[in-house]
Amino acid sequence: MTGGEYAALAYGAVFVVVVAYVAIIAAKLQRLQRETAELLALAQGRERKPSRTAVYAATVPGTRAEQEDGG
Amino acid sequence: MVAPEDADQGVSQRIFYIHVPIALTAYFCFGLGAWKALRLLWRRDERYDLESYVAIHQGTIFGSLTLLTGAIWAKASWGVWWTWSSRQLVLFLVLFLFYCAYFMLRYSLEEGPRRARTSAVYALFGVALIPVSFLAIRLAEDFIHPTVFTREGPQMTGTMFFAFCASWAAVTLLAYTLYKVELAGKRLDADLRELRESLT
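Going down the list, the sequences are from chains Y and D. For the first sequence, my numbering assigns the number 1 to the initial residue and increments by one for each residue that follows. For the second sequence, my numbering assigns the number 72 to the initial residue and increments by one for each residue that follows.
These are computed hints drawn from the structure, not numbers from a lab. Take these hints with a grain of salt, some might be off.
Taking beta-carbon pairs under 10 Å as the criterion, some of the chain D residues facing chain Y (in silico) [unchecked claim]: (1) Gln80; (2) Gln84; (3) Ile86; (4) Asp116; (5) Arg118; (6) Leu121; (7) Ser135; (8) Ser157; (9) Val161; (10) Ala234; (11) Ala237; (12) Ala240; (13) Thr243; (14) Leu244; (15) Leu249.
These figures come from a predicted structure and were not determined experimentally. Just so you know, even glycine gets a beta-carbon here, dropped at the ideal spot from N, CA and C.
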């Protein structure tokens, strides 16, 4: 191998390692993006489906929600 | 800007412009990891644990690149990939392996304050190896590994030195960007884990 080829090999090796590192980070960020979307869907599902106590308070007369409405 | 060709080594000397900045960046990352570890032990703030870990991770990546480019340069200049007779090389390898063991230690412990403290103490011990490795080339009367920066200044032409500084700035910027991206990813990962635990 000539000196120029060794220099190209050294620069190429650095380039390959940096690209591999960036690819790993990109894959990880994609995973985090997926997880964020999952958690967002989970949180939105909870908002749409109110808890049992909230439903009870809103429908049964004499509960706090009913008293608040009546002033 | 084109750096002139070295009269002694020829084109292979151009490896210097990538090898030395990467090595200096590796030292800096290990030093930064130790500094963050010291802040963790001092302030008891756990966010420094992640910062120290990411800095050391960057240091090992740049350290492996130093060994890789150094081996290629050694083959081009000395005809061998590695020589045990150069204390500079051996000390850098010791430093690199010391910080590789950091990850073994870290992942062998349960996540929490104990792991953070133990990892910080280990990172701080390693910092002692940095000046030894850096100065070994001058202390060890080693004539195999070249000494470019002496007390008289850089032993190269102005264009070569400018090319070196530009390369060093580029590698430092790359390291800083990778550090920030990895740290943001790790923090986001930790936050999402916490959020998942509170939602489920």
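Hint numbers contradicted by this structure: 4, 5, 6, 8, 9, 10, 11, 12, 13, 14
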